[in-house]
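Asks: What follows is each chain in one-letter form.
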Amino acid sequence: MSLITEPRSTAMPARDGPTTSPARRLRLHVWIAIPVFTALALPLLATLLYAVSTRWGATLLPDGLTLEWLARLWSTPRFIAAFGRSLFVVAGALMLSLVLILPVAFLAHTRYPRLDRWMNVLILAPFAVPPVVSSVGLLQLYAGGPLPLVGTPWILMLTYVSIALPFMYRSLINSLRSFEANELMEAAQLLGASPLTAFFNVILPNMRLGIRIAIFLSFSFLIGEFVFANMLVGTRFETLQIYLFNVRRESGHFTSALVITLFVFILILTWLGNGRGEITAPEAGDT
Amino acid sequence: MSSAPAPLSTPDATPASPETAVAERSTVSDSLVAEPPSADSRYLRLQGLSKRFGTTSVFEGIEADIARGEFVTLLGPSGCGKSTLLRAIAGLTAVDAGHVEVDGETITHLPPQKRGIGMVFQHYALFPNMTVFDNVAFGLRMHKVPSAERQQRVDETLSLVELETHAHKHPHQLSGGQRQRVALARSLVLEPRILLMDEPLSALDARIRQHLREQLRNIQQQLGLTTLFVTHDQEEALMMSDRIFLMGKGNILQKGDGEALYTRPESQEVAGFMGAYNCLDAQQASSLLGYEADAAQVVFRPEALYLKSTTDEINDPTMTSNLGPGCGGVIVQRRLLGNVIRYRVECQGFALHVDALNRGARYLLPEGANVMVHADLEEARIL
Chain H
0 MSLITEPRST AMPARDGPTT SPARRLRLHV WIAIPVFTAL ALPLLATLLY
50 AVSTRWGATL LPDGLTLEWL ARLWSTPRFI AAFGRSLFVV AGALMLSLVL
100 ILPVAFLAHT RYPRLDRWMN VLILAPFAVP PVVSSVGLLQ LYAGGPLPLV
150 GTPWILMLTY VSIALPFMYR SLINSLRSFE ANELMEAAQL LGASPLTAFF
200 NVILPNMRLG IRIAIFLSFS FLIGEFVFAN MLVGTRFETL QIYLFNVRRE
250 SGHFTSALVI TLFVFILILT WLGNGRGEIT APEAGDT
Chain B
0 MSSAPAPLST PDATPASPET AVAERSTVSD SLVAEPPSAD SRYLRLQGLS
50 KRFGTTSVFE GIEADIARGE FVTLLGPSGC GKSTLLRAIA GLTAVDAGHV
100 EVDGETITHL PPQKRGIGMV FQHYALFPNM TVFDNVAFGL RMHKVPSAER
150 QQRVDETLSL VELETHAHKH PHQLSGGQRQ RVALARSLVL EPRILLMDEP
200 LSALDARIRQ HLREQLRNIQ QQLGLTTLFV THDQEEALMM SDRIFLMGKG
250 NILQKGDGEA LYTRPESQEV AGFMGAYNCL DAQQASSLLG YEADAAQVVF
300 RPEALYLKST TDEINDPTMT SNLGPGCGGV IVQRRLLGNV IRYRVECQGF
350 ALHVDALNRG ARYLLPEGAN VMVHADLEEA RIL
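Residue numbers (numbering that gives the first Met the number 0), protein chains in the order written: chain H, 0 to 286; chain B, 0 to 382.
The hints are simulated quantities; they were obtained by calculation from the structure and are not laboratory data.
None of the values given here were measured: they were computed from a predicted structure.
Cβ coordinates follow ideal geometry from the N, Cα and C atoms, glycine included.
Hints may contain errors.
[Claimed, not checked] Derived lysine to any residue pairs resembling SDA-like cross-links, with alpha carbons at most 20 Å apart:
1. B:Lys307 / B:Gly348
2. B:Lys113 / H:Ser177
3. B:Lys143 / H:Thr196
4. B:Lys248 / B:Glu378
5. B:Lys113 / H:Pro194
6. B:Lys113 / H:Asn181
7. B:Lys143 / H:Leu195
8. B:Lys143 / H:Pro194
9. B:Lys307 / B:Asn357
10. B:Lys113 / H:Asn200
11. B:Lys307 / B:Glu378
12. B:Lys113 / H:Thr196
13. B:Lys113 / H:Phe198
14. B:Lys143 / H:Asn200
[Said to hold, decoys possible] Sample of chain H residues facing chain B (criterion: CB under 7 Å; computed from the structure):
15. Leu183
16. Leu190
17. Ala192
All chains should be modelled from the sequences, with the hints used to inform the complete structure.
Replies: Below is the structure:
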């Protein structure tokens, strides 16, 4: 509970304070917020409690509290390795898709508006086919032949690129739409910048927020991906989710500790990503 | 424009005070071909510029010479190709045919960053991630100007547009007028050979627009900057320009100073755009206003027509003696434009627009009143 409400409960009053919204509206807002957050936080709270309890059997509350499970998890080399693999695959996929999509989104927005229509269809393609089906297809394609990728992290990375595509493309395009990318390019060129210099000096800095959103959205989605990981690489390249699946029978406390660790990790990352002040934010509502 | 009619309607009006020699010459004879060629009068040359998008022609065979230090306005309705022409000169849009020459150098095939042309956009196009100072310094940085000189030039330019106290702010902290001044400073700091402005004042509210017009014109004259300004606002064009190029449907219809364009339109399109001209055919001109001409079209500006109440004296004390025989009619509409009142008078089934100076309530004629319409025959314009 404290994990999910803490950043909010400190941030909200600070933001609402100076605007002095009517007391009645504030109360309504609180009355809606509290049940919703409780409903969302309850399972997490239970998991957290389970992860730090010695034994939680027939009683309403656990018998005692301990950090043993978390300590044991963090000292398990297999967990550290799986975590590392997951990070490696996801980070690689994100980097690759960003390098791939950023120029495409920029060109589709500025130069070739027709490309945008095609991209919108294309980015939905990975979602039109259920992961189980498409992974079978990928297995057939890359099991042998000239490109035997199955079982290697590379096939997972490439598959993740295609999954991250829509998140990436949409948030990048939206970011480009939030300012007059075309005019800024033209203005920069008239001031003596080459197209490339203009892109790096003028376009990219204004897309920072969009890029960050694209990355965190895709990250939190991909780090929890199980189906493709299990089908395409399985135990040959044990990612975090596969590890979680494999140790699920060992101890409920242990897996709870794992889930909480992952949750806190993503929470901190997202918080870091959105917490920083942003220059383009106020510009968006401006004409 | 609304304050213009009184001095303009005097029949013996001579070009009031043309600001440059070029403007004067062009009022005397509108053909520029006869001018003696000189490098300064042809600082910016457009030769046979054409552009089409697919099958539709945006502009065709544009020919124009603009003198050094001249302020020329491209005036025309939206969609007439004036903005595209400006972009073509800047190098942002490729032309299909023709040449752009600046100071004797053909720049048609140069990319925008090598043309030495500055441009101000309607929506400012300031870099939101940079402060005012960095926005203005951007061009200097791109041209590798050393930082000490950069600092000095940016400071100078910012004080020219009276923004020196806002240097550290970001664009979103500024008002529209201030933003446009930053955009202007950003172009000026590079000392461009030509300054292009694409409806720079259209996004601003009336009061700020008025103020910025004067400031813009002052700066332009102070720096002797050759300027091409695009607007669809006739009043703006008349107030600011040395010369106006009136564009319509991809062509320049007429070039000349404001007075020439306003009082001596050469075609019906020009007359139609430059105010509420009354267009009559020869027969109507003769039967309604007593003007005999062997021409297809006769046009009268609304302020060259005068109303006389049938029961009373002539309604307008500024009325001259050289009036044609009157024609009876009924006022069907009366609009107050401020210092001018615009009447619509129906004479024998034909609607005439008549402008009268708003001299006071006692001179106003009510709707439905029977009146006589007289024309100042000297002000008739044959097309």
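Asks: For each hint, tell me whether it holds in the structure or not.
Replies: Hints, verified against the model:
1. B:Lys307 / B:Gly348: 19 Å, holds
2. B:Lys113 / H:Ser177: 29 Å, violated
3. B:Lys143 / H:Thr196: 13 Å, holds
4. B:Lys248 / B:Glu378: 28 Å, violated
5. B:Lys113 / H:Pro194: 12 Å, holds
6. B:Lys113 / H:Asn181: 19 Å, holds
7. B:Lys143 / H:Leu195: 16 Å, holds
8. B:Lys143 / H:Pro194: 16 Å, holds
9. B:Lys307 / B:Asn357: Between B:Lys307 and B:Asn357 the Cα gap is close to 15 Å, so the pair holds against 20 Å.
10. B:Lys113 / H:Asn200: With Cα atoms ~18 Å apart, B:Lys113 and H:Asn200 stay inside 20 Å; holds.
11. B:Lys307 / B:Glu378: 18 Å, holds
12. B:Lys113 / H:Thr196: Holds, because 14 Å separates the two Cα atoms, which is no more than 20 Å.
13. B:Lys113 / H:Phe198: 17 Å, holds
14. B:Lys143 / H:Asn200: Holds. B:Lys143 to H:Asn200 sits at ~15 Å (cutoff 20 Å).
15. Leu183: 6 Å, holds
16. Leu190: 4 Å, holds
17. Ala192: 5 Å, holds
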